[in-house]
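Undergrad: Keeping the supplied structure of chain A fixed, place chains B and C upon it in accordance with the hints.
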Amino acid sequence: MNKNSSNIMALTPNTSNKRETVCIFGTGDFGRALGHKMIQSGYPVVYGSRSTQMSNLIPKDAEVLSHAEAAQKAAVIIIAIQRQHYNFLTPLAEVLHGKVLVDISNNLKLNQYPESNAEYLAQLLPGSKVVKAFNTVSAWALQSGTLDASRQVFVCGDDAEAKQMVMNIVRALGLTPLDQGSLLAAQEIENYPLQLFPMWKFPIFLSLGLTAFFFFYCLALDIIYTYIYENKNFSFFIAITIPNRICPVVALILLALVYLPGVLAAIIQLYRGTKYRRFPDWLDKWMLCRKQLGLIALAFASLHVLYTLVMPIRAFVSWRTGKGIISQALNNKTEPLNNTNAWLSDSYLALGILGYFLFVLLGITSLPSVSNNVNWREFRFVQSKLGYLALIFCTAHTLVYGGKWFLSPSAYRWYLPNIYMLALIIPCAVLVVKFVLIFPCVDKPLTQIRQGWERNPKYSE
Amino acid sequence: MNKNSSNIMALTPNTSNKRETVCIFGTGDFGRALGHKMIQSGYPVVYGSRSTQMSNLIPKDAEVLSHAEAAQKAAVIIIAIQRQHYNFLTPLAEVLHGKVLVDISNNLKLNQYPESNAEYLAQLLPGSKVVKAFNTVSAWALQSGTLDASRQVFVCGDDAEAKQMVMNIVRALGLTPLDQGSLLAAQEIENYPLQLFPMWKFPIFLSLGLTAFFFFYCLALDIIYTYIYENKNFSFFIAITIPNRICPVVALILLALVYLPGVLAAIIQLYRGTKYRRFPDWLDKWMLCRKQLGLIALAFASLHVLYTLVMPIRAFVSWRTGKGIISQALNNKTEPLNNTNAWLSDSYLALGILGYFLFVLLGITSLPSVSNNVNWREFRFVQSKLGYLALIFCTAHTLVYGGKWFLSPSAYRWYLPNIYMLALIIPCAVLVVKFVLIFPCVDKPLTQIRQGWERNPKYSE
Amino acid sequence: MNKNSSNIMALTPNTSNKRETVCIFGTGDFGRALGHKMIQSGYPVVYGSRSTQMSNLIPKDAEVLSHAEAAQKAAVIIIAIQRQHYNFLTPLAEVLHGKVLVDISNNLKLNQYPESNAEYLAQLLPGSKVVKAFNTVSAWALQSGTLDASRQVFVCGDDAEAKQMVMNIVRALGLTPLDQGSLLAAQEIENYPLQLFPMWKFPIFLSLGLTAFFFFYCLALDIIYTYIYENKNFSFFIAITIPNRICPVVALILLALVYLPGVLAAIIQLYRGTKYRRFPDWLDKWMLCRKQLGLIALAFASLHVLYTLVMPIRAFVSWRTGKGIISQALNNKTEPLNNTNAWLSDSYLALGILGYFLFVLLGITSLPSVSNNVNWREFRFVQSKLGYLALIFCTAHTLVYGGKWFLSPSAYRWYLPNIYMLALIIPCAVLVVKFVLIFPCVDKPLTQIRQGWERNPKYSE
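Protein chains in written order, with full-length UniProt numbering: chain A, 1 to 461; chain B, 1 to 461; chain C, 1 to 461.
Isolated chain A (complex conformation) (with noise of 0.2 Å):
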């Protein structure tokens, strides 16, 4: 107990303004870079290398020393240096008991190695005490000082102390250390700066995919189909007006399957008559991406926004409507006004409206920042309540639009639906069960499933 208090003595900052000595193992790219910034910070800082010729690299104002008398000179010592050369670490073991070992290291691939470096570092050296930080940041950035993203450096390790002074060294130089708890989590803090959107990938896949269908299916069936039949050449279409019938198809189509997965676990668990079995993996796995899916939908929807509004200021647009009001110039009468029309044009167009208003509400609480300060039950109420209103919004906007090409032939050019049918067919199939979900039958023994009520209980043995 006694000298382990004593040890805590050692480790407290120091009131006066000097900052402790750093010693740094390795002088590659990263050590080089830590080094210069630490100085800058106003540490002294020691590198421990093998050869102590390379000083040109080095920042002018830092120490070079072997290993074992770098190691002496500070508490702290950052492992600058691959995994594969960890275990030349070994026979230092004695100089670096009680130190505290910053493990900076990033592997080339995720999981490559069964155990995180920093449990491997604190197994090889059990008598030090191993922090990890710094993994996420990068040399370049801590060298120009453009830290505009990771400012955050993930910390963990097992002993509180060290961790605590790696924390401070984290802060003066100007970052934000985040405590991650224990060193299990080192694994997960390895992992993170080798990922590029892992969970955007199927969702942008998919939206890619549906895209790419569409754009062929529009580009059959209104360029080639007039070239072939009407012998007009649209092929301007493919700048603005294919692409407006795209995004609000792909867009009402992601939005469908953010709540799919929703009506599918509710279907599952009232057939199971329990919620204590896993759902299938597929369905785990894209009720986890629902949230991608759904801000992909509202990047869909806010293109189809800006393509509709520049609408009247587009030659075609212009020229199209100077043609009408001319003819009916010239044939020297003014058509009288179309109530019917007014009110579907009015309408769809208010629909639409409302439902993108409420989308990207739904997009703004999806902020992480937004999302922290709602609870529970408000983010439900957001994302299922207005949700659910935000698909009924934009299905009808469609059913509206699209509902007089329904039963005209004309619409069928090839015998293929509009593109408008195709798009409803999810939404629609979402809201009707749905609807059927809500009814009190229904809607009570799956409030009971998923208050841990079992129908059948011998299902979970």
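FYI, nobody ran anything at the bench for these hints, they're computed from the structure.
Treat the hints with care, as some may be off.
Identical copies look the same in the list; a pair holds intra-copy or inter-copy alike.
[As the list claims (entries may be wrong)] Result set (SDA-like, lysine to any residue): computed pairs, CA atoms no more than 25 Å apart in a straight line:
{"no.": "1", "residue 1": "K201", "residue 2": "N191"}
{"no.": "2", "residue 1": "K60", "residue 2": "I268"}
{"no.": "3", "residue 1": "K444", "residue 2": "G28"}
{"no.": "4", "residue 1": "K333", "residue 2": "S318"}
{"no.": "5", "residue 1": "K404", "residue 2": "S318"}
{"no.": "6", "residue 1": "K60", "residue 2": "R450"}
{"no.": "7", "residue 1": "K385", "residue 2": "A212"}
TA: Below, chains B and C alone, put in the same frame as chain A:
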């Protein structure tokens, strides 16, 4: 001292990969969900239960023992039972001495009991270390892994070590612990998940009331009046025309209501000659919901922008434009450009755009993550200076747009003023009073009062 | 050791509901406001004051004693007096020994003194535990409860227990404490509330300068020239037409200026053959304000979008459209659709929409809460790859739109180039150089240099 320190030793996490056993009292829904999740995260789980029989609902890998036996196996005991049954724990006081008890309970109503459940538990078992946690997490979300929202777990407790242990468990489950200080915070943490946008209620009801009032006002003047006296059916105005009249009006009134309480407070302080007396309750409450009022105003303004931008796409507007052009063409003449009209039209649009732009800027700076990154001086600059500028722009936008109707008698249908005049009352009043308040002869004493000076010190006695 | 540990015992919060007495030195405005708030939150408050008379300003429930007497009643003493008067505390050193002193002072200017006020206090009273806190909170906000912004209280100090005690008080007042590490951070914390968007100054002045320059350029060419040579009064162009010419131009130039320093840095590194020499100061500063430049560019682009979308609603545009249609109708002919025109019009609109869409995406990812949730690789992907794509789209948008004027002599009024040509200079230069830099023969050595390789190691000596 000795005993205490040895206890601390026992509490620090082992460097080894093994997680420590966690005990859960109670096999209800949340207890089971938490147990499932903990087993997934590598914790051995022991349930304490009256009957050790009902094992089929309980996760397979968990043990079920009597309360006393289960408690002995773990340092952390999660109390997943309802507050009414807490008193059955008193006989176990001996076994629970020195253990960390995690209170996860919620109530059904806000402030249901005089003291929080966690404090009640701490009173019942003074020898145990009570920590409040997990009550903001939903069992269903925990089970299904869809913790999009509340990854945040509020933790509070009087014992720092105990709190740390619970926070480590929280982190291991993939959640984010937030230290809320001592057990005094438990009351607030228990109230948190019961709220449904408490700060939003008044602003939402107010805006709904205003919307309803102006809807019927417009319905009467624009549709019913036109139908009776001009025999025209403009019922489709309900979809876009009328909402686009209501939205800007409600937005402007709400925006003025954001700045009205500040102005009232200044007047009250000037009148009283001191800042050390509390404002009336209604003013305090009003000031606290200004942000919400402003955001709802922004929502209405955004709807107004969308409604306005779709104007040229509307069938009615196309028809009206066409009719105007055709009548000119049939009369064989082109009207020259009316320069005054062009000025009025362009300037109200420009004022509206700039006002809306500043309004969106205010909305963005009120996002939690943005407002956390600005200091008090910057926040006041944006919310006060830019906010008033937005109010000025929006009021001017309405004045220029609605101005032409003020003096025309045809605007006074049924002797009622136009909706734009009603909209301008509060904003103009706020701007006039604010204008008076920035005169040096008024501003100087106000500044002094706000710096603590008192005109009439007797007041505060 | 013994003494220290007993001290720690005394500092740990009691389990009982009672808050510990807090002492406030100084009865100035902030001291009183803080006292009010603390009493509201349940803390007994004792004021230390030279004269115990002026009690009418002080909150009713607070006691007022002499400094020495007040200090003895509390473990935490808030020093609400100005730095100039700190030296009167030295005689109280005995009483203040071991106490937690909270320095809440602010200066009037950035870096007014060589050391921070808190460090100065710690030097004066080495036996006390100085904690810096509360200086970022406004007295007025504290009093009125309108702490919309700065709920965050930065706390720093060398003694962990003392810091914890202060953080508990901060939490009890409904504020969020943020641990900033040791007392070395006090300087930065004291400078924080004095700043008014320091990083935004240069970008804002730059954009205002560009705006002013282009405003007068447009004023001369579009209004004065037209008035002199064509005798037409287009003064109303000031409201929308000219802003809608300036906004896209400034937005494009600022967006290009975001990517220019990166390109310059690459050239400098290639020329020097090392990354270990500092960039010139102006380049460093420029790189640090790229985010702000980009966000201002986004603001101008958003204004451009709004100005463009209201086009068809403008009286002038309606008049011009009508005139065109009527002249066709009177000539009894309809112009056929000009396919090239339709292509050009649709493609510049589509390019603009896509460019703006990517631009908004960049803006959203630069929100603090979003950029904190992406790792370095993801952030670089978005800001670099998508950013360049946005720049390419926006440049192409301007090229296609302004292209028709490049070769027409009527565009060269007063022999001055059209504004769109000026706008394209920097973006095209950036894109061309960037295109050269991604050639393998240039990219390879650059990558090597950025990984720490040196062409000419002598440089770094």
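Undergrad: Determine which of the earlier numbered hints do not hold for this structure and return their numbers in increasing order.
TA: Structure breaks no hint.
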